Amino acid sequence: MILIAGIPSEAPVALAIDAAEEWGIAYVVLDQRAHRDWDLTLNLDPHSGWRGAMTGPDGGAVDLDEVTGIYTRMMDHHFLPAPGDGPARPGDLARADSFHHLFHAWLDVAQCRIANRPRAMMSNMSKSYQAGLIARLGFAIPETLITNDPDAAIAFVDRCAAEGDEVIYKSVSGARSIVQSFAQSDKARLGRIRWCPTQFQRKVRGTDYRVHVVGGRVFGTRIESAATDYRYAARQTGEAAALEATELPGRVAEACVALAAGLDLPFTGVDLRRTPNGDYVCFEANPCPAFSYYEDHTGAPISRALVRWLAGDDCAD
Amino acid sequence: MRRPAARGGRGAGPSAMILIIADPSDTGALWLRGALGRRVAGPVRLVTPAQLAYAPSIAHRLGGPGDGFRFALADGDVLTGERLTGVVNRMVGMPFAHLAHAHPDDRAYAEGELHAFLLGWLGSLDCPMLNEPSPDCLAGPLFGEIHARHFAALAGLGVGAARLDPANPSAPALTTRPTMRHFVLEGRLIGPIVPAADRDSLLQFGRLWGARLMQIDSDEAGDRRRFHAASSLADFPSGGEALLRAVAEVLAR
Chain B
13 MILIAGIPSE
23 APVALAIDAA
33 EEWGIAYVVL
43 DQRAHRDWDL
53 TLNLDPHSGW
63 RGAMTGPDGG
73 AVDLDEVTGI
83 YTRMMDHHFL
93 PAPGDGPARP
103 GDLARADSFH
113 HLFHAWLDVA
123 QCRIANRPRA
133 MMSNMSKSYQ
143 AGLIARLGFA
153 IPETLITNDP
163 DAAIAFVDRC
173 AAEGDEVIYK
183 SVSGARSIVQ
193 SFAQSDKARL
203 GRIRWCPTQF
213 QRKVRGTDYR
223 VHVVGGRVFG
233 TRIESAATDY
243 RYAARQTGEA
253 AALEATELPG
263 RVAEACVALA
273 AGLDLPFTGV
283 DLRRTPNGDY
293 VCFEANPCPA
303 FSYYEDHTGA
313 PISRALVRWL
323 AGDDCAD
Chain C
134 MRRPAARGGR
144 GAGPSAMILI
154 IADPSDTGAL
164 WLRGALGRRV
174 AGPVRLVTPA
184 QLAYAPSIAH
194 RLGGPGDGFR
204 FALADGDVLT
214 GERLTGVVNR
224 MVGMPFAHLA
234 HAHPDDRAYA
244 EGELHAFLLG
254 WLGSLDCPML
264 NEPSPDCLAG
274 PLFGEIHARH
284 FAALAGLGVG
294 AARLDPANPS
304 APALTTRPTM
314 RHFVLEGRLI
324 GPIVPAADRD
334 SLLQFGRLWG
344 ARLMQIDSDE
354 AGDRRRFHAA
364 SSLADFPSGG
374 EALLRAVAEV
384 LAR
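Going line by line, the protein sequences match chains B and C.
Numbers 13 to 329, taken from this note's numbering, label the letters of the first sequence in order.
Numbers 134 to 386, taken from this note's numbering, label the letters of the second sequence in order.
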């Protein structure tokens with residue numbers, strides 16, 4: 013049996029549920045919006061650590077020892093809407109905090125397949141931190157400067173420009189930000205970076221690839237777009253990005269699997285760009301990839317691979 | 134793909150030093166600065182998180198020529214990777230005072246950015262560091278009682294019975310007090326002599342914890358040591374001469 017935890021109507025979660033149905037894989041859905049109706053008990057075994065059990069809204073018990081794998085795509089519970097049956101009751105928030113704390117801590121130590129463990133997902137909290145790990149795992153990373161010094165930023169921009177390259181800037185943290193090209197007019201407001209180091213990156217020319225790794229399987233998507241950030245291509249260029257499934261060179265596919273393993277992210281979305289000379293530069297590994305966008309556009313069976321992996325199936329077909 | 138280029142010259146210059154990053158109220162770090170200063174040949178400098186975060190010029194470069202960092206501090210000193218032989222990282226918090234008057238949304242964003250920058254910078258240092266940062270705590274992995282008791286059980290240390298649920302999310306505290314403190318530093322156990330099985334358990338606990346240096350408090354309970362608490366932030370004075378010697382060896386290697 014596998015456990016799928018998240019908002020069932022959210023596209024990636026819905027696809028995982030559909031795939032489990034399609035493959036006849038027994039599953040339980042922990043609807044995060046109904047977390048108040050779930051109970052979780054952890055008992056400490058002196059030899060094997062924490063053992064858990066959950067009880068769902070229908071009173072059915074789930075022995076967590078029988079769960080082979082868990083797909084978790086839970087949102088910050090503080091942003092969940094209040095229950096539909098009226099205002100929050102006293103103690104609701106404390107109970108929600110405790111439930112999520114216990115569940116996430118158990119995910120970190122549970123001895124089954126997890127996509128992905130909360131602690132491992134935190135490497136993405138800092139792009140430069142994760143970039144360092146990515147570089148140590150063998151991928152090229154973009155040339156980057158993080159600085160609070162306007163003069164250093166201008167020198168970086170000017171050097172890249174002299175070599176024919178643009179510079180982009182984006183958040184260092186995991187906060188979602190739209191990648192922007194640095195314009196000459198931006199120099200006038202560089203004084204603001206004195207408040208907080210800001211990330212500047214030499215723009216890597218080439219074609220974007222999103223690679224989803226599921227256990228040992230790899231699904232490549234090639235993205236054609238003229239936008240600085242293809243996720244916002246329609247807004248930035250007036251034309252949506254074009255996505256197609258693609259086979260990756262064997263060494264690149266193997267490197268992505270090794271990267272996922274090195275980051276302890278068995279299910280990850282790796283962002284690559286293939287440069288005109290055929291090199292692959294890695295931007296980041298997304299620990300909670302919104303794979304539905306890619307599956308919908310390419311038909312790649314990512315959700316099926318995910319639920320089969322969670323069920324213990326490592327088949328390559 | 135590529136292999137990262139080796140960075141040469143670390144800690145080789147005449148001003149090579151051990152850097153301690155800690156709040157001025159961190160008495161353990163202050164003790165360590167004095168004790169290390171008497172033991173190692175080079176300088177031992179303590180900088181505060183505020184000195185780093187408020188440095189007039191910060192530059193951290195990755196993925197290109199000149200990989201590395203440079204902090205030009207307000208006192209005129211300049212920190213670069215080439216000057217460091219080792220780092221004691223006790224950065225448990227970050228300075229946010231300069232953001233106090235920002236709009237709450239901007240402040241939250243800037244705090245996240247500063248944390249992310251410091252995490253990336255600390256994670257890039259290629260000299261011995263006690264401890265390397267972790268995304269959940271800049272000073273090294275921060276585990277709660279669920280993780281710690283799980284590691285203890287797997288390592289063969291005694292753990293009290295516990296049952297947790299959302300109404301009772303914390304295990305009751307032990308009624309006994311710890312009687313021994315050990316440190317695990319790069320796979321070495323430092324502290325009172327214990328039977329081989331206990332030593333193996335303590336070392337295994339250290340491996341599961343994952344920090345280069347950590348401390349474990351325990352007591353005797355029947356046929357094996359009982360786990361009380363653990364931390365990535367070592368209390369250096371309580372480790373005495375043995376811990377100091379081992380730390381100096383790691384940092385000045």
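Keep in mind that a hint or two might mislead.
Unchecked claim - Not everything, but these chain C residues come out facing chain B in the computed CB check (under 7 angstroms):
1. Leu247
2. Gly253
3. Ser257
4. Val292
5. Asp298
6. Gly324
7. Pro325
8. Ile326
9. Val327
10. Ala329
What the hints assert, rightly or not - Okay, the calculated beta carbon distance ranges per label pair:
11. C:Asp352 x B:Gly274: 50 to 58 angstroms
12. B:Glu175 x C:Ala241: 48 to 56 angstroms
13. B:Met87 x C:Ala375: 45 to 53 angstroms
Simulated from the structure, these hints should not be mistaken for lab results.
It should be emphasised that the depicted structure is a prediction, and the values quoted were computed from it without experimental measurement.
Where is the CB? At the ideal position from N, CA and C, for every residue including glycine.
Restraint outcome when C:Ala329 is required to lie within 7 angstroms of chain B by C-beta distance
C:Ala329 check fails; min Cβ-Cβ to chain B is 19 angstroms, beyond 7 angstroms.
Is the interface hint for C:Pro325 satisfied, with its Cβ closer than 7 angstroms to some Cβ of chain B?
Because about 23 angstroms separates C:Pro325 from the closest Cβ in chain B, which is outside the 7 angstroms limit, the hint is violated.
Cβ distance range 45 to 53 angstroms for B:Met87 and C:Ala375, holds or violated
Check passed, 48 angstroms falls within 45 to 53 angstroms.
Can we keep the C:Asp298 interface hint, with Cβ of chain B closer than 7 angstroms?
holds (5 angstroms)
May I ask you to test the hint 50 to 58 angstroms on the CB atoms belonging to C:Asp352 and B:Gly274?
Violated, at about 38 angstroms.
Verify the interface restraint on C:Gly324: the C-beta must sit less than 7 angstroms from at least one C-beta of chain B.
violated (23 angstroms)
Would the stated hint for C:Ser257 survive a check requiring a Cβ distance to chain B of less than 7 angstroms?
The hint holds - C:Ser257 has a Cβ within 7 angstroms of chain B, the shortest such distance being about 5 angstroms.
Have a go at the C:Ile326 hint: is there a Cβ in chain B nearer than 7 angstroms to its own Cβ?
At 25 angstroms from the nearest chain B Cβ, C:Ile326 fails the 7 angstroms test, so the hint is violated.
Can you tell me whether the CB distance of B:Glu175 to C:Ala241 sits inside 48 to 56 angstroms?
Since the Cβ atoms of B:Glu175 and C:Ala241 sit about 36 angstroms apart, the hinted range of 48 to 56 angstroms is violated.
Restraint outcome when C:Gly253 is required to lie within 7 angstroms of chain B by C-beta distance
For C:Gly253, the interface hint holds, since the closest Cβ of chain B sits about 3 angstroms away, which is under 7 angstroms.
Would the stated hint for C:Val327 survive a check requiring a Cβ distance to chain B of less than 7 angstroms?
violated (19 angstroms)
Given C:Val292 as an interface hint, is its Cβ closer than 7 angstroms to any Cβ of chain B?
With a closest approach of 6 angstroms, the C:Val292 hint holds.
Comparing the model with each earlier hint shows violations of hints 6, 7, 8, 9, 10, 11, 12; every other hint is respected.
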